[in-house]
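Chemist: What follows is each chain in one-letter form.
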Amino acid sequence: GAGVSQSPSNKVTEKGKDVELRCDPISGHTALYWYRQSLGQGLEFLIYFQGNSAPDKSGLPSDRFSAERTGGSVSTLTIQRTQQEDSAVYLCASSLSWRTGELFFGEGSRLTVL
Amino acid sequence: DQQVKQNSPSLSVQEGRISILNCDYTNSMFDYFLWYKKYPAEGPTFLISISSIKDKNEDGRFTVFLNKSAKHLSLHIVPSQPGDSAVYFCAASAGGTASKLTFGTGTRLQVTL
Chain A
1 GAGVSQSPSN
11 KVTEKGKDVE
21 LRCDPISGHT
31 ALYWYRQSLG
41 QGLEFLIYFQ
51 GNSAPDKSGL
61 PSDRFSAERT
71 GGSVSTLTIQ
81 RTQQEDSAVY
91 LCASSLSWRT
101 GELFFGEGSR
111 LTVL
Chain B
115 DQQVKQNSPS
125 LSVQEGRISI
135 LNCDYTNSMF
145 DYFLWYKKYP
155 AEGPTFLISI
165 SSIKDKNEDG
175 RFTVFLNKSA
185 KHLSLHIVPS
195 QPGDSAVYFC
205 AASAGGTASK
215 LTFGTGTRLQ
225 VTL
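Protein chains in written order, with our numbering: chain A, 1 to 114; chain B, 115 to 227.
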């Protein structure tokens with residue numbers, strides 16, 4: 001595709017429900033990243049995938065958060081038993097490799113937990 | 115613990131003048147610095163980067179300056195244009211890669227006519 005595609009663009013859920021956010025990176029990009037931006041905050045690193053290497057999960061805030069990347073392309077970020085503090089914009093980015101600083105971001109998925 | 119700080123939440127500059135956006139960092143392991151621009155309802159877009167082996171990097175109207183001893187970097191936009199109005203994020207990483215960026219909270223630039 002032309003750019004990084006994320007879905008859904010908006011998600012409203014009730015506290016305690018599970019949500020899945022999807023990211024379709026730019027074709028050929030081997031590195032994929034998830035960040036989130038809470039209100040009034042900078043972007044917070046969550047997880048990073050590079051090729052077939054084990055992902056760097058050091059930014060995941062709790063074990064309710066998990067992510068996978070299937071076939072080296074599409075990624076899904078799953079949040080189990082959502083809490084109100086999970087409300088944020090979840091941004092996915094991809095790049096040609098982990099060495100380059102030019103991350104291409106999607107438009108984000110805005111999650112609201114009621 | 116805010117390792118990357120952008121102390122000015124907003125900045126207003128007249129069209130044609132210079133915009134200077136500032137960023138401070140505390141982690142001495144950071145050696146790669148980037149600026150991203152973000153329009154409302156869009157993802158951030160990469161602007162310019164600088165490695166710690168340099169103190170200046172220029173790309174068209176955008177120049178980034180790095181002062182390692184002060185742990186400070188700045189982005190200069192000359193001349194400023196109305197289309198530059200956006201939120202600007204400073205980001206940093208260690209190990210010379212972009213694998214795990216630490217972002218500042220952003221500065222909203224408004225370029226007025």
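Heads up, some of the hints might be wrong.
Unchecked claim - Here are the simulated SDA-like pairs of lysine to any residue, each with C-alpha atoms no more than 25 angstroms apart in a straight line: (1) B:152 <-> A:71; (2) B:119 <-> A:41; (3) B:152 <-> A:16; (4) B:214 <-> A:85; (5) B:119 <-> A:3; (6) B:214 <-> A:17; (7) B:214 <-> A:16; (8) B:119 <-> A:60; (9) B:170 <-> B:227.
No lab work stands behind these hints: they were computed from the structure. No experiment lies behind these values; they were computed from the predicted model shown.
Chemist: If a hint holds in the structure, say so; if it does not, say that too.
Modeler: Results for each hint:
no.	hint	verdict
1	B:152 <-> A:71	30 angstroms, violated
2	B:119 <-> A:41	11 angstroms, holds
3	B:152 <-> A:16	32 angstroms, violated
4	B:214 <-> A:85	22 angstroms, holds
5	B:119 <-> A:3	29 angstroms, violated
6	B:214 <-> A:17	29 angstroms, violated
7	B:214 <-> A:16	29 angstroms, violated
8	B:119 <-> A:60	22 angstroms, holds
9	B:170 <-> B:227	29 angstroms, violated
Comparing the model with each earlier hint shows violations of hints 1, 3, 5, 6, 7, 9; every other hint is respected.
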